[in-house]
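Participant: Here is what each chain is made of, one letter per residue.
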Amino acid sequence: MKKITIRSQKRNEAIDITPNIRKYLDEKRVNSGIITVFSPHTTAAITVNENTDPNVRYDLINHLNHLVPAESAFTHVEGNSDAHIKTSLFSPAQTLIVENGQIQLGTWQGIYLMEFDGPRTREVWLQFTSG
Amino acid sequence: MKKITIRSQKRNEAIDITPNIRKYLDEKRVNSGIITVFSPHTTAAITVNENTDPNVRYDLINHLNHLVPAESAFTHVEGNSDAHIKTSLFSPAQTLIVENGQIQLGTWQGIYLMEFDGPRTREVWLQFTSG
Amino acid sequence: MKKITIRSQKRNEAIDITPNIRKYLDEKRVNSGIITVFSPHTTAAITVNENTDPNVRYDLINHLNHLVPAESAFTHVEGNSDAHIKTSLFSPAQTLIVENGQIQLGTWQGIYLMEFDGPRTREVWLQFTSG
Chain A
24 MKKITIRSQK RNEAIDITPN IRKYLDEKRV NSGIITVFSP HTTAAITVNE
74 NTDPNVRYDL INHLNHLVPA ESAFTHVEGN SDAHIKTSLF SPAQTLIVEN
124 GQIQLGTWQG IYLMEFDGPR TREVWLQFTS G
Chain B
24 MKKITIRSQK RNEAIDITPN IRKYLDEKRV NSGIITVFSP HTTAAITVNE
74 NTDPNVRYDL INHLNHLVPA ESAFTHVEGN SDAHIKTSLF SPAQTLIVEN
124 GQIQLGTWQG IYLMEFDGPR TREVWLQFTS G
Chain C
24 MKKITIRSQK RNEAIDITPN IRKYLDEKRV NSGIITVFSP HTTAAITVNE
74 NTDPNVRYDL INHLNHLVPA ESAFTHVEGN SDAHIKTSLF SPAQTLIVEN
124 GQIQLGTWQG IYLMEFDGPR TREVWLQFTS G
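Chains as they are written, first to last, in my numbering: chain A, 24 to 154; chain B, 24 to 154; chain C, 24 to 154.
Do not rely on the hints blindly, as some may be mistaken.
[What the hints assert, rightly or not] Partner residues are not named here, just some residues of chain C that face chain B (Cβ under 7 angstroms, in silico):
#1 41
#2 43
#3 54
#4 55
#5 59
#6 63
#7 98
#8 116
[What the hints assert, rightly or not] Pulled a few chain A residues facing chain C out of the computed Cβ check, cut under 8 angstroms:
#9 29
#10 47
#11 77
#12 78
#13 81
#14 144
Hints listed in this document are in silico derivations from the structure and should not be mistaken for laboratory results.
Glycine included, C-beta positions come from ideal geometry on N, C-alpha and C.
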């Protein structure tokens, strides 16, 4: 398993980690299989979404804040229940396809660490499994 | 990796791709392991849900439209931000169990390509990993 | 594939299945790889979230009930459409990392069967894939 470190800058942020994953696969010199991308945090998720127009990420975060407002009547005293809920809605992990050492994504896709309670130093854990 | 092609007919649609996945596993003559089912699109997701009463799929799509209305105040000019958000809420990929060449599902489960910005020609990518 | 049985006590409930998964990995004496945790039900999901403050689980379930109320105008006559929708929002499966026989989780993470239409007897299916 490989651990990579990511520094978030905002409370809610979509951080493109596709380059980090490509670098890991290059260094490991893998062939074909799958890669599990995992967030070991309860207030940060992993997703795949649009990598071109930054307005898509803006709309994504903005609408998610509308669905799960930080100021809802929560009982958890740390005041970050919204971040826990968003994490389960988006999923803490994604398993993606690798062919000939390359992560397989559609033209407009990037892999994102979704920060929901930043800014913080975060980890993403990667595990390649041979096909 | 195997690429299959699916034609959607509506803007929002749940398309049962279980037969396509069974066919791939049959042709590949696999034994046991897992299969990763991946949508290479940013406006179409993969999920597992009820395969019997079509009203469940109707309620699923209808309520998701209620949670993420197409007419929300979005900034992305293509006008399909709702489809991007729905894709991350439902997840672009699922990894499922295969035993003795058979996909392992509960009695009432089917695997669905969730179209959120159709009608379009879509791809689903499949990768089997031996257990 | 290993099938474990879980008894839920409420209509909506987050049940910590981390000990069950650790026991399976211990018994199977695995090394490193990934484990797929799958709910064969259309009204129960798998997620990873906070394992310490029970208020987080309370807020999670409470807010999800707010987003998908049981009393919405659904067409599915069994009256559990909310449970089907919640299942797809949280995902029916998670694939997680295993190293040296140990499930790899962050300090505050547990693996949960999310019951959305209990109380019932449920199954969770586990498949380990060697790395």
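Participant: So which of those numbered hints doesn't the model satisfy?
Facilitator: 1, 2, 3, 4, 9, 10, 11, 12, 13 and 14
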